[in-house]
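First residue of the sequence shown: 16, per this note's numbering; consecutive thereafter.
No lab work stands behind these hints: they were computed from the structure.
You may find that some hints are simply not true.
[Unchecked claim] Cut-off 27 Å, straight-line C-alpha distance, at most; resulting in silico cross-link-like pairs (DSSO-like, lysine-lysine): (1) K226 with K150; (2) K150 with K201; (3) K158 with K170; (4) K226 with K158; (5) K69 with K164; (6) K158 with K69; (7) K170 with K134; (8) K235 with K201; (9) K164 with K201; (10) K150 with K164; (11) K226 with K164; (12) K201 with K170; (13) K226 with K201; (14) K134 with K235; (15) K150 with K235; (16) K235 with K69; (17) K134 with K158; (18) K169 with K201; (19) K235 with K170.
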Amino acid sequence: MLKRKILLSLFFILLFAAGFRLFDTFRVEAGEQATKAYGDPSRFYRLSAEDLDKMQSGDIILRKGHGSVSDIIDNMYPTGYHLSHCAVVIRDPDSLYVIHTVSSELSMGDGVQTENMDKFVRESVRNSIMLVRPKADSLTRIKIADATKSFLNKKIPFDNAFDISDTTQFYCTELIYQAYRRVYGKDMFPERLSTDHPNYLGIDALLDTTKFERIITHQKIDPDHMPVQ
Numbered sequence: 016m017l018k019r020k021i022l023l024s025l026f027f028i029l030l031f032a033a034g035f036r037l038f039d040t041f042r043v044e045a046g047e048q049a050t051k052a053y054g055d056p057s058r059f060y061r062l063s064a065e066d067l068d069k070m071q072s073g074d075i076i077l078r079k080g081h082g083s084v085s086d087i088i089d090n091m092y093p094t095g096y097h098l099s100h101c102a103v104v105i106r107d108p109d110s111l112y113v114i115h116t117v118s119s120e121l122s123m124g125d126g127v128q129t130e131n132m133d134k135f136v137r138e139s140v141r142n143s144i145m146l147v148r149p150k151a152d153s154l155t156r157i158k159i160a161d162a163t164k165s166f167l168n169k170k171i172p173f174d175n176a177f178d179i180s181d182t183t184q185f186y187c188t189e190l191i192y193q194a195y196r197r198v199y200g201k202d203m204f205p206e207r208l209s210t211d212h213p214n215y216l217g218i219d220a221l222l223d224t225t226k227f228e229r230i231i232t233h234q235k236i237d238p239d240h241m242p243v244q
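Generate the whole structure from the sequences, applying the supplied hints.
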């Protein structure tokens, strides 16, 4: 697992070193694959009204993205599901969106940022969306959402080194880790400390049913994509 983390980190470093031409290649590739997958806008991947109504602030939405980078992450960290990214759901009285962190090599902006829910889903591989809810009371979940918003205001950049000990930069699951730490005042994902990758929080941590309730699952488990024991 440590080797996989190192390879992923090196991939982003090389991507950064290659400059904007390669950045455009990967960013456009992902966008083009999404467009090709759905064709005209009427065929875009969307959540049903029922699914949208289930979403609450502090929920965590997971997806598999389009493009080579998402494929690499998914294949490096098999979970039984095909996933490459996560975000925190924010439901305001007049809007529903996510807060997540993305590398500038793959996005027009770098680090912690907002994205419209429809766009986040549209840029996902069809039927890859999952939604999990922290097993906590509603007030605590709102605090998690508020903590995530506070990081947005600080304009925290993306952590290309995938190092959870560096609190000045966040990768996608690290954003959630830090929001939890701010609310609970301690490390809520200590299991990783007994692994060979203590500074990397895998997306599998968000599938832990002792900590998260699964609210929406568009995927079926893939027996050929189970974690390596």
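A quick look at each hint next to the structure:
no. : hint           : in the structure
1   : K226 with K150 : 5 Å, holds
2   : K150 with K201 : 16 Å, holds
3   : K158 with K170 : 19 Å, holds
4   : K226 with K158 : 16 Å, holds
5   : K69 with K164  : 21 Å, holds
6   : K158 with K69  : 19 Å, holds
7   : K170 with K134 : 21 Å, holds
8   : K235 with K201 : 33 Å, violated
9   : K164 with K201 : 19 Å, holds
10  : K150 with K164 : 20 Å, holds
11  : K226 with K164 : 22 Å, holds
12  : K201 with K170 : 23 Å, holds
13  : K226 with K201 : 15 Å, holds
14  : K134 with K235 : 23 Å, holds
15  : K150 with K235 : 22 Å, holds
16  : K235 with K69  : 20 Å, holds
17  : K134 with K158 : 25 Å, holds
18  : K169 with K201 : 21 Å, holds
19  : K235 with K170 : 36 Å, violated
The structure fails hints 8 and 19 (numbered hints given earlier, in ascending order).
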